[in-house]
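Undergrad: Protein chains in written order, with my numbering: chain A, 1 to 175; chain B, 1 to 380.
One thing to keep in mind: the hints can contain errors.
Unchecked claim - Computed list of lysine-lysine pairs in PhoX-like fashion (alpha-carbon distance at most 25 Å, straight line): (1) Lys90/A / Lys42/A; (2) Lys89/A / Lys22/B; (3) Lys22/B / Lys93/A; (4) Lys77/A / Lys93/A; (5) Lys136/A / Lys107/A; (6) Lys107/A / Lys22/B; (7) Lys32/A / Lys42/A; (8) Lys16/A / Lys89/A; (9) Lys85/A / Lys17/A; (10) Lys17/A / Lys32/A; (11) Lys244/B / Lys136/A; (12) Lys85/A / Lys42/A; (13) Lys77/A / Lys89/A; (14) Lys32/A / Lys16/A; (15) Lys296/B / Lys244/B; (16) Lys22/B / Lys136/A; (17) Lys32/A / Lys85/A; (18) Lys90/A / Lys22/B.
Worth flagging that the hints you see were computed from the coordinates, not collected in a lab.
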Amino acid sequence: MASSSSSSSCSSSSEKKITLKSSDGEALNVEKNVALEFEPAKGFLEDNSEEADDEAIVVPLPNVSAAVLSELIPYVKQRLELSAKPVQKKLIKAFDDQFTRHLSDDKLGELMLAANYLGVNYLLDVLCDVTADRIKNKSVEYVREFLGIQNDFTPEEEAELRAQCPWAFEGVDQD
Amino acid sequence: MAPQQLSWSSLPDELLSVIIQKLIDSDDILNCAVCAAVCSSWQSVVKDLYHQIRPNLPPLLLRNLNENCVNRQSCTFFNPKTNKFREIPLPEVKGRWVSSQVKLPPPPPGTQLQFLNGLRVITSTSPLDPDCLVLASLYVSSKLAFCRPGDRNWTSIVHDQYIRFTNTSARFYDGRNCCKVKSGRGIKRYRTPDPIAIHSFDVCRSRGPLFYKGYFYCLGSCNFIFRIRFDHPHAPTAEAMPFKPHEFCCNARYNYLVELNSDLFIVSRFLIPHKSYPCELTCAFIVCKLDLETEKWFMVNNIGNNAVLLGENNSTTCVVSSDGEDNYFRANCIYFVDDMYPRDIGVLLHDFTMYSTASTAFTTLDNVYKSKLASGLIRV
Chain A
1 MASSSSSSSC
11 SSSSEKKITL
21 KSSDGEALNV
31 EKNVALEFEP
41 AKGFLEDNSE
51 EADDEAIVVP
61 LPNVSAAVLS
71 ELIPYVKQRL
81 ELSAKPVQKK
91 LIKAFDDQFT
101 RHLSDDKLGE
111 LMLAANYLGV
121 NYLLDVLCDV
131 TADRIKNKSV
141 EYVREFLGIQ
151 NDFTPEEEAE
161 LRAQCPWAFE
171 GVDQD
Chain B
1 MAPQQLSWSS
11 LPDELLSVII
21 QKLIDSDDIL
31 NCAVCAAVCS
41 SWQSVVKDLY
51 HQIRPNLPPL
61 LLRNLNENCV
71 NRQSCTFFNP
81 KTNKFREIPL
91 PEVKGRWVSS
101 QVKLPPPPPG
111 TQLQFLNGLR
121 VITSTSPLDP
131 DCLVLASLYV
141 SSKLAFCRPG
151 DRNWTSIVHD
161 QYIRFTNTSA
171 RFYDGRNCCK
181 VKSGRGIKRY
191 RTPDPIAIHS
201 FDVCRSRGPL
211 FYKGYFYCLG
221 SCNFIFRIRF
231 DHPHAPTAEA
241 MPFKPHEFCC
251 NARYNYLVEL
261 NSDLFIVSRF
271 LIPHKSYPCE
281 LTCAFIVCKL
291 DLETEKWFMV
301 NNIGNNAVLL
311 GENNSTTCVV
321 SSDGEDNYFR
331 ANCIYFVDDM
341 YPRDIGVLLH
351 DFTMYSTAST
361 AFTTLDNVYK
371 SKLASGLIRV
């Protein structure tokens, strides 16, 4: 993606770095404008605005692991650069597609939780789309397994559901 | 790192509901049913969402006939509101007309009800309804049989051997989300289950027979109308009705039994050869209404606020509301599909045409319909 021109646009903010502390205790340095995209970080920075030196601020993000953060940060950074320019929506969509295409199912779930916790709504929307796509036209059991949902129907209710719409349990697409 | 199970199952409810909403958007009734069966909280989310997304006009089932689909096991829904098509794969459609929504019991060995080409199956209500009836007909040997979901065997319908079932199978009338079935204990009303009101997207290939006032009515050859009685649940019988179809039926190519404003109608369709292609075109319709008192048919040239949709082998009606809101069909019109097989072109042509009962004029509908090769319309 067009990184040469974009790097200059955020050069001013790139001077200001914030440290994010992940759930597993790792410290990650990010540009301030990226950190501000994360709701908890934004709130923390506002509360601690009297702090003169941003460099000294360490924002704790106890619900997000370093592995997930290190996926999120480049995404948010690039996405910010993209949306700062008058680019077409198509381009943003292509970027989102590229980001989500290779995500494993596990990673998708982790990212979704993280995006939800961090309040990155544009990413959340994309991830919901991808999730819906991945379980579309699948069987009930596939959906349960995929999302790790505990089947809380009684055996009788389950048997009834199976009798009523066995096709829903058989899967429409090849899993 | 948190294991996968943990991350997904800890998704908050509002996110789940966003995902479910995305899944069941665009009238995707199939995904709707799957979501409802996942767990109880999903079921209640679907229940809430279903009423919001339920389309004003139900989608139409189109028989799949695009050029690559000779072996295609799928069916296509058309949503008149959005002009969108949605294809749903079916496991059992090839060479048979079997709804994927109903697990059919195997035919009892040694019986004549073999599962061959020409088997047609329809359901009375949503197959999710445990009281739903499944009716099967076998064109080749003129057999009719029925079962209920969960049955292990088909129950044959006994009928007079002289009554031949032509192009049959019957059609259940399911107006207002319910269906009435006559049983030993009187007429029972079955409500289509809500919120997942899925109707059979199969299948009725009959040209008119329907479920009317508690009975199936079928058009037989030899100019008989007969109905199927369910008085004895295990030995339903077919009986010829005293009123015969009107005389036009003999000359018409297709006759469709239709219910309009709770009256029984026969729509007769006449065809003439195409001028330049070796195929036939619809040239006229005659609509007759049965007067139940005198058991006589009267020709009508006005079907009021109704639109009749005729497929190759089936028919459906819809009421066009007078306020003009959300109307996709015009009142007092017959919509039908013509299939043409010009051999020198080697492709199927389909024409979706509107016939105005009042002005007896034919209007070919626009390419949105035509290009999608619609055939076999059924309202679901």
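Undergrad: Are the hints correct? Go through all of them and say.
TA: Against the structure, the hints:
1. Lys90/A / Lys42/A: violated (29 Å)
2. Lys89/A / Lys22/B: Answer holds: lysine 89/A to lysine 22/B is near 20 Å, not above 25 Å.
3. Lys22/B / Lys93/A: holds (17 Å)
4. Lys77/A / Lys93/A: holds (15 Å)
5. Lys136/A / Lys107/A: Distance of about 18 Å is within 25 Å: holds.
6. Lys107/A / Lys22/B: Satisfied, since the Cα-Cα distance of roughly 20 Å is no more than 25 Å.
7. Lys32/A / Lys42/A: Within the cut-off at roughly 9 Å; holds.
8. Lys16/A / Lys89/A: Violated, at roughly 29 Å.
9. Lys85/A / Lys17/A: Status holds; Cα separation ~22 Å.
10. Lys17/A / Lys32/A: The given pair, whose Cα atoms are some 5 Å apart, holds under the 25 Å limit.
11. Lys244/B / Lys136/A: Between lysine 244/B and lysine 136/A the Cα gap is close to 50 Å, so the pair fails against 25 Å, i.e. violated.
12. Lys85/A / Lys42/A: holds (23 Å)
13. Lys77/A / Lys89/A: With a Cα-Cα distance of about 17 Å, the restraint between lysine 77/A and lysine 89/A holds, given a limit of 25 Å.
14. Lys32/A / Lys16/A: holds (6 Å)
15. Lys296/B / Lys244/B: holds (8 Å)
16. Lys22/B / Lys136/A: It holds: about 9 Å lies between the C-alpha atoms, which stays within 25 Å.
17. Lys32/A / Lys85/A: holds (19 Å)
18. Lys90/A / Lys22/B: The hint holds at about 20 Å.
Checked against the numbered hints above, the structure breaks hints 1, 8 and 11 and satisfies the rest.
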